[in-house]
Each structure stands twice: as C-alpha cells, then as structure tokens.
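Position chain A against the provided structure of chain F, taking the given hints into account.
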Amino acid sequence: MSNKKILIVEDDADVRLGYQVLLKANHYDTFFAADSTSAVSEARKQQPDLIILDLGLPAGDGFIVLERFRANPNLAVIPVIVVSARDLHGNKERALKAGAKAFVQKPWNDNELLALISEQLGLPNIVYLSTAKDPYPEDT
Amino acid sequence: MTPGPEIGYHPSRVLIVDDERHNRDLLEVMLAPEGLLLQTAASGEEALAKVAQEPPDLILLDIMMPGMDGYKVATDIKGNVATKNIPVIVVTALDDREARLRGLRAGAEEFLTKPVDRVELCVRVRNLLRLKAYSDYFDQYSQMLESEVSSRTADLVERTKQTAELWLLTERLSLATAVAKVGVWEWDLASNTLTWDATMFDIYGCTPVVPMPYATWSAAVYPEDLAGVEANRRRAIDEKGQGSGEYRIVMPDGSIRNVSGIERVVLDDHANVSRVIGVDMDVTERKKAEEALEQIRQDQMRFKDEFLSHVSHELRSPLTAIKQFTSILLGGLAGELNPEQREYQEIVLRNIAQLQSMIDDLLEVTRLESGKLTIEPESVSVVDAVTDTFNTLLGTAEVKGVALSYHVPADLPPVHADRTRLRQILIILLDNAIKFTPAGGSVTIQARPLPQDPRFLLFEVSDTGCGIGPEISERIFERLYQVSDRIQTSRKGLGLGLYICKELVTRQGGHIWVKRRPQMGTTFSFTLPVVSLDTGVAPALLLEASITSQIISPGVYT
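Those protein sequences? They're chains F and A, same order as listed. Numbering-wise, the working numbering puts 12 at position 18 of the first sequence, and it's gapless, one number per residue. So the mapping is simple: the working numbering equals the position in the second sequence, first residue as 1, plus 7.
Since the hints were made in silico from the structure, they are not lab data. Some clues are possibly wrong.
[To be verified] Partial chain A-side listing against chain F, Cβ under 10 Å, derived: (1) Val186; (2) Ser324; (3) Ile329; (4) Lys330; (5) Val372.
[Said to hold, decoys possible] Below, a list of computed lysine-lysine pairs in the PhoX-like style, where the Cα atoms sit at most 25 Å apart: (6) A/Lys379 / F/Lys91; (7) A/Lys509 / A/Lys522; (8) A/Lys91 / F/Lys86; (9) A/Lys79 / A/Lys57; (10) A/Lys57 / F/Lys86; (11) A/Lys311 / A/Lys295; (12) A/Lys79 / A/Lys139; (13) A/Lys311 / A/Lys379; (14) A/Lys79 / A/Lys121.
Note that the structure is a prediction, hence the values are computed from the model and not measured. Ideal Cβ positions, reconstructed from N, Cα and C, are used throughout, including at glycine.
Next up, chain F with everything else stripped away, as it sits in the complex (with noise of 0.2 Å):
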C-alpha cells in the first residue's frame, strides 16, 4: 500500500522542515505550500489525500483558501486540518463551519495531531515513531 499524500500549507519554513521530518517518519509523502495562491494549485496537482492549513497565510488567510477548496468539487472532498497560532476561541468554530474537520492549536502535541490524522485518513492507530513523552500534556 502506498504512503497517504499530505499537503502542508505553511508559511514558517522551520515549522514546514519539522512537519516534513515527523510526517517521513510516519509514512506520509508530504507536499508543501507557503501561500494561500500556490496552497489551491498544489492541492489541484497532488490530489492528496489530506490537507494541513495554517491560517495565517500571505496573499489571503487560510479561510479563503477553506473557500476555495470547498468551490472545487475534486477539492472539497479532502479532509482539512486547520493548524494554527491564531485563538481557539472563535477561529475554531469559523474553521469548522467553512469545511474544516478540525482545528489544533499551535504548538500541538505531536500525539494527538497524528491520531488526527490517522483518524481522518481512517487509518488504524499506528504506533507513533514520536515517543517524546509529554510530561503536561495540554487539555485540547
């Protein structure tokens, strides 16, 4: 069985290199993009399998980038999970409304945004290559 097709969009190369080095170690192929322009044509080329979106974007925020997925039927079939620094409070529920299926908080746990993911992908609970123990783990 061939690897799930992750599309990052992001637009801190740091946080994009630490998504691409713990998603590898999870058996992922991942894709990026940095804005919200190249974020709606990469989705378009990769059709892939599960997309990861920062709100915080330049040329437009990641709700446009919602809107634009949820317009193109070939797009607004692929789970969207929204990471972002951005409040809860408020941008959650706004997320999940424009098409998202979930909302994490930055800095996530790694743990549970790969149980995410497995969950969304409808993946078995794979044993996480991550076995960074949390001493305080944060109430989501």
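Coordinates of chain A only, in the frame set by chain F:
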C-alpha cells in the same frame, strides 16, 4: 418712643422727726387732712434707722435734739446715695437765722419756722412731694431709657457685624462664582421672570435684560433637552426640594454649549414655592475633555487587547518550531539520544509547555478584560465534568507521584454552567494542587450540594500539599498576584490562573475561596448554581466571612 413708667398712686410717706412729743403730735394733726402716711421718730438715731429701713418721701426734721441733732441727720441722709433724693424740711425757731442756714447748707430743701403755720406746712409738703414724685418718675424713666438704649446699641453692633460678614461672604461668593464661571439665577414664579447675574449672561452669550421673561431662557435651551430640564424642575417644585441636570444651550451664533445646573426651591411664609434659585455652569470644555479622555482610554484598551492578542499569537509561531524539533529529537527521529541528551531535551520540552500555558493565560485574560469572553450556561453533568478533568490530569499526577481521586454522589443534580469554563476552572485548580503536592501526597476533587444553600453545588479541590506557604492572603485571586515560592522554584507562572478561575466562577454566579486546614493541606472551593436556579443572576453568597481566618496563600499558583 419708649412709654414712661407708670405713675404710682400710693400715698406718700412722711417722716416727722422731733424729740418733743407735743411737736410731733401737732405736725401730725396739721398734716392729717393731706391723706399722707405719717411716721414719727423721737431722735436723730431713730430717724436714720427708719429711713434706712424704709425711705420716706419726705422728712420734717427738728434741729435741736439731744444726742444726734438735725444737722447731723440731714448731713447723713444727703450724704447717702440711696437717700439723698428724699426732700428734707428743717423746722426751726423763727429768729434762728443761723440754724436755718446751717440746715440748708446740710442739704435741706426747705425750712419752716416755729410755730408752724398749718397752711404753709401743707403747701410746702405738697410741693416737695410733687417734686419728689416727678424726680422719681424721671429717674425711673431715664433708667428705662438707658437700658433700652444700651440694648439697642448692642443689637445695632451685632447687626452691623452680621452685615459686614454677610457682605464679605457675598464678596467671596461672587468672586468664587466669577472665577469658576458659575452663573447664579432666580426665577420668580408669580411674575414668571428670571433674574440673572452677569456670569449667566456670559454663559448664554446674550445682553443683560432685567427682569428677563422665562421664555427668553427656554428659547435658548436646545429644543430636545428642554422637556427633560423642565420635568426635573417640576419635580423639584413638587417635592419642594432641589434638582440638577445637564443640558445643551444654543448660543446666539448658533453654536451649542453644554451647561450643568443645580437648583433649589425657595418657600414663602405659607410654605408654597415662590421662587427657584439655581446655578448654571458651562461644562462644554470639561465634556469635550472627558470625551477625549474616554476615547483615549478606549483606544488604549483596544490597543492593549490587540497588542496582547497579537503578541501571544506571534509568540506561538516560534514556540511551535521549538516544540516540533524538540519532539523530533526526543522521538529519536534525528538519531538516538544518550540519556543525558534526552534529559536535557525533556527539560526544554517542560519549559515549552510552561511557556505555552502562559501564552494561553495571557490570551484568556485579554478576553476576560475586553469583554470578548462569552459564558454559555447549560445543564452540565458534574460527574462528566469531574471525570473528564480527572482523566486529563491523571497522567500528570502519576508522573509527579501524587495520588488523584474524586468523589461525586451519583444523585447530584447538574450545574447551570458553561461546560468549557467549568472544565477550565477544574483543570486550573487540579493542576495547581498537583503542582504543589509533593510525591506521596494526594489530591481529591469533590462535589456536593452546598450545605448552606441547596440551590448551589460546592466543588472542592483538596491537596495534602506541604509545599504550600503559610502566608495568609486573600490576594491570591488577584490578577498577576504571586508570592515567593520557597519549595518549588522550577515552575513559575504569570499568576493568572486563579484570577481566571475567580472571574469564570463569578461570571457564572458562584463564589470561590481557599482555606487551609492545619496539617491537612489546602482546599480550594467554589460554588455554581444548580440548573433549577435558571432565573438569570444567581444570588450572591457571603460565605467568605465564615472562613476568612482560614484563607491562606498557597504559594505561586499559576
């Protein structure tokens, strides 16, 4: 004109002094028809004694007497202030010119020669008595006048003093009103006219008119404000009291100014309102300044909120990358770490978590203060809320070596609360309790009906923390409050957690407090209304009073 004293009609008293009884009797007989009160004395000494005892209106005095003679008696009487006005008639022998002169020199008014002529005696006695009566009358009258004059003078002095004080007061008042630009006015209801001082005309920008029709004023008031001002005034008149208010006026040039006024009714002798007096002040500049200040304050608040929100958000981005790569290293995704490297990376991760929770608190407080925090109460199962929190923090407690337990009766009614907020409160309290309880200790969550008021549920988070300082303080619920933490210095916070708790509890109609049972650790308690109380604001409880003495500061609760 002061009325004079009443003239008495009592009979005049005449004292006859003679050592010879015959002479005394003779004079008595002669004077009998005059209707006088006659008394006699047989010696000079007796005469003086009687005069001292009861002063007569006239004395008939014989000169040649054994013992004290008539000269001596006359000299004594005329030398005494109390008796000097008593007329004295000396009775002497016809040819004794020397004796008569001596008697007159001693002070006697008249003399009679022996043998005494009856008619002459009566005429002289009558004349002298009349003179004496007049003299007495004028004495009394002048005494009355004197006392009248002195009392009126005192009055006048007092009134002059008061007038001077009043004048000074008026001067000061008019100085004060002029400097403060306070206009003074008076409205006479009967004539429906106004009397204004100069400042009033200044404020309204019009030329002085005296007296001014009431309508001139009402025409100057901003039309929309007139009804309100007049309603206030009518109320003041009806209540015979006072009123105040602010309103706008239209100046002759069409510009609008703000006026603040205070007025008070004046009652006439029949306790009816006859006048209204008041002061007006131009508050346009003050109002402008207040509005500008309020605008600045709001701008600053908004800036602060936006700034905090922006900063917190921006802080999360680099923190995200830090956490990502720390997790990557710890997860062995960049090669296996040796135990020492792992330990250090775990320290980094722990501090990331701390920083993360501080940013969350900062944002939460920003929300609380900018009014953006919404509370959406609903019926919430206490068991669910408690077990949920319990499960969330079970891992933390295990790592710390602290036993965690909860106790919620099965039949406990639901609370009327915001589900997310209740969870947030419980997590902050539980996290704090675990943080301050050393390994081997225990932390318990309990929920039960509030014994004092069953309309509320009581939540208690108790710990066996020895890491809690004994400082007594109610300030631990204050924003940014921190006390020195002697036991555990590795975890500092912003000191916002308990403030957030208190705000969240209070906004849901409950109370929060802390108590310390000696040797038994600390208990944080809070109340929330049960669902059946869903009638808006829950009644305030004053439970703190009973436990204030037990409130303590448990160290750095974040």
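- prompt: Should the interface hint for A/Lys330 be scored as holding, given a Cβ-Cβ cut-off of 10 Å against chain F?
  reply: Hint holds; A/Lys330 Cβ to chain F Cβ min 4 Å, cut 10 Å.
(Q) Run the distance test for A/Lys79 versus A/Lys121: straight-line Cα separation, threshold 25 Å. (A) 20 Å, holds
A/Lys79 paired with A/Lys57 [C-alpha distance capped at 25 Å]
15 Å, holds
(Q) Less than 10 Å between beta-carbons is the criterion; does A/Val372 satisfy it with respect to chain F? (A) Violated, about 13 Å.
For the pair we were handed, A/Lys91 and F/Lys86, check the Cα-Cα distance against 25 Å. Violated - the C-alpha atoms of F/Lys86 and A/Lys91 are around 120 Å apart, more than 25 Å.
Review point. Under the criterion of a CB-CB separation shorter than 10 Å, is A/Ser324 in contact with chain F as hinted?
Key: 5 Å, holds
query = Does A/Lys522 lie within 25 Å of A/Lys509 when you go C-alpha to C-alpha?
reply = It holds: about 15 Å lies between the C-alpha atoms, which stays within 25 Å.
Just to be careful: measuring from the Cβ of A/Ile329 to every Cβ in chain F, is the smallest value less than 10 Å?
With a closest approach of 8 Å, the A/Ile329 hint holds.
| said: Please check whether A/Val186 passes as an interface residue: C-beta within 10 Å of a C-beta belonging to chain F. | reply: Status violated, d = 54 Å.
* Holds or violated: A/Lys57 with F/Lys86, Cα cutoff 25 Å? -> 124 Å, violated
Review point. Is the Cα-Cα distance between A/Lys79 and A/Lys139 25 Å or less?
Key: 22 Å, holds
| query | Is A/Lys379 close enough to F/Lys91, meaning Cα to Cα at most 25 Å? | reply | 20 Å, holds
The structure fails to meet hints 1, 5, 8 and 10 from the earlier list, while all remaining hints are met.
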